[in-house]
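Q: Assemble the whole structure, with the sequences as input and the hints as a guide.
Under our numbering, residues -3 to 618 are what the sequence shown spells out, in order.
Note that these hints are calculated values from the structure, not bench results.
Be aware that one or more of the hints could be misleading.
Stated by the list, open to error - Label pairs and their computed distance ranges (CB to CB):
| # | residue 1 | residue 2 | range |
| --- | --- | --- | --- |
| 1 | 479 | 271 | 40 to 46 angstroms |
| 2 | 343 | 316 | 18 to 24 angstroms |
| 3 | 377 | 271 | 29 to 35 angstroms |
| 4 | 588 | 168 | 43 to 49 angstroms |
| 5 | 265 | 452 | 34 to 40 angstroms |
| 6 | 462 | 179 | 26 to 32 angstroms |
| 7 | 343 | 285 | 51 to 57 angstroms |
| 8 | 100 | 474 | 44 to 50 angstroms |
As the structure is a computational prediction, the values presented were derived from the model and not from experiment.
We treat Cβ as the ideally placed atom computed from N, Cα and C, and that holds for glycine.
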Amino acid sequence: MSTVQFRPIRWSMPLANPCIKMWKGLDRPFSCCTVMKLLSKALGQTTALDQTDRVHQQESVDPQLDEKKEDLGASDSGSDLVNENYQLGVRSAEAALAVWTKKQLICTYILMWIIQFLLAFSQGISTTLTPYVTSSFQEHSLTAVTSIMSGLIGGLVKLPYAKLMDVWGRPQSFALMVALLTVGIIMMAGCNNVQTYCAAQVFYWVGYDGILFTITIFVADTSSLRNRAFWIAFTASPSIATVWAYGPATESILNTIGWRWGFGIWAIILPIVCSPLFGIFYYNQSIAYKRGIVARHTSDRTWIQSIIYWGKEFDVIGLILLAGGLALFLLAFSLYSYQADQWRSPLTICFFIFGGLLVIAFCMYERFLAPVSFIPWHLMKNRTVIFTYTMVASLYMAWYIWDSYFYSMLVVVFSTSVTVATYITNIYTVGSCFWAVVMGVVIRYNGRIKWHSFVFGVPITILGVGLMIHFRQPDQDVSYLAMCMIFIAFGGGTLVICEQITVMAVSEHQNIPAVLSVESMISSVGGSIGSAIAAAMWTGIFPEKLHKYLPADADFASIYGDITVQQSFPKTSDTRIAIDKAYGDTQKYMLILATCMYAITWVSVLLWEDIDVKKIKSRGLF
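A: Following this line, the structure appears as structure tokens:
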């Protein structure tokens, strides 16, 4: 690792210039398009490039490789605009970029912002309703379990989805994700047990994550590396507004139409809102076909040959090995408490052993046997990529360990309303999204990624979670929890934006979907492991503490399985005091473990290369 020095961020004129430029542009009629143009000017970028620059964006930290990436010269011929060595979806995307107009690009970014707004709003309502869904089936203790398989599969699917975008096309893949999202919402609205709800969550999160991944890839395709952090943060900024809306909306849903229609309305709204973005993607791809920039794909394979071909392309065997292995391994954590012998149960032991063996088999198969590998193995030798992935895994594991039952504790132990509880839990969302935009501007002018994370991002996160060990107890004031969430939010806003820019900075442009899909998979798997650990700790510790503190005449089964029953006891009653104390003891262990996990995050960031995105040659539309 090279020796580096941390450069203090200069907050004076460099960061003031964008504001001055935006202010000078406000003498024209104000509109969404005006905002986009002013943001582009503030970041010092033109809003359009010639056709060749659009198509042949290349990024690298290797100066020798950069020297080889000379402009090919503008031409109307398809061979100059599209790399024929790429797969159909990639060629179609390159060809479509060649026909984009400035107005279309601005409209697309606005559409993506609106879609992100509605997705964040609906997801907030869905997450808040989950404890009430599980409680309606007398299974509140399975609240964290509902997110294990959905998070796991949602993360794994991004690997073949990145491949699907390459071989099938962006518009078609985007439409498929919208369809899966809609199916998941319909299933959630109509479920009659927790098992069906868990299955619905899988469809929902696969579609949800796929839509967001499509937006991220589009931003990566159309923005320069120097400004990419800002534009990624910009597309995620709707979450700043939605957190103030979905708390009251959820409370209104529970008091009026009920949780079923609380899900059902989104099966109508989201497909309608996503249709224009699909339309503009598909329209530009069709124009590229008509102009002959890229040829339509034809094949003389039989249907059996096609099945074999696509099975290899999507590495079906590898996906089955990995998904099966991780599913068995993670379910062992969540389901052990339901076995008579718990950890000594033959079922639990088999889940651990066979899950681990399948994961090992996946690694061996991918490395030596897979005809088409999910993972770009040559990048796995890059230390920045490796330790970014370990940083992501530990970061999301720790988060889900301490966050899974946080909302339940707020409404039970601290007696907050649904609205207030959602405001507190979403301090992180507001703070991190706001701070990510700030970090985007800082990275634009400062360029350093590693030291923002190491000196500020990880330490302030550890501070926030560590303080919760003391303040997340029944005898504390809830305002201290809000303070801790602010610290964690600023740390998260720094780390999440830096983790994405870091892996993109050390990869060539054509590998960006692959490295981002692996990063997303690791975050989802890390979150699933965290949820599994949280569920294991909750089902192992909470009932034991509840038995210890509850009066002899209390109905343990109904109290343990339903948060509404837990809330129903008077605050000063012996039963309620016992419930609150059991919550506090359980949460303390979860927070201690999460704080220890962040040590891995800190060491991982230290081992990154010291990357300065200002020195990396790249081009973009913004």
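Q: Okay, which hints does this one fail, numbers in order?
A: Going through the list in order, the structure violates hints 3, 6 and respects the others.
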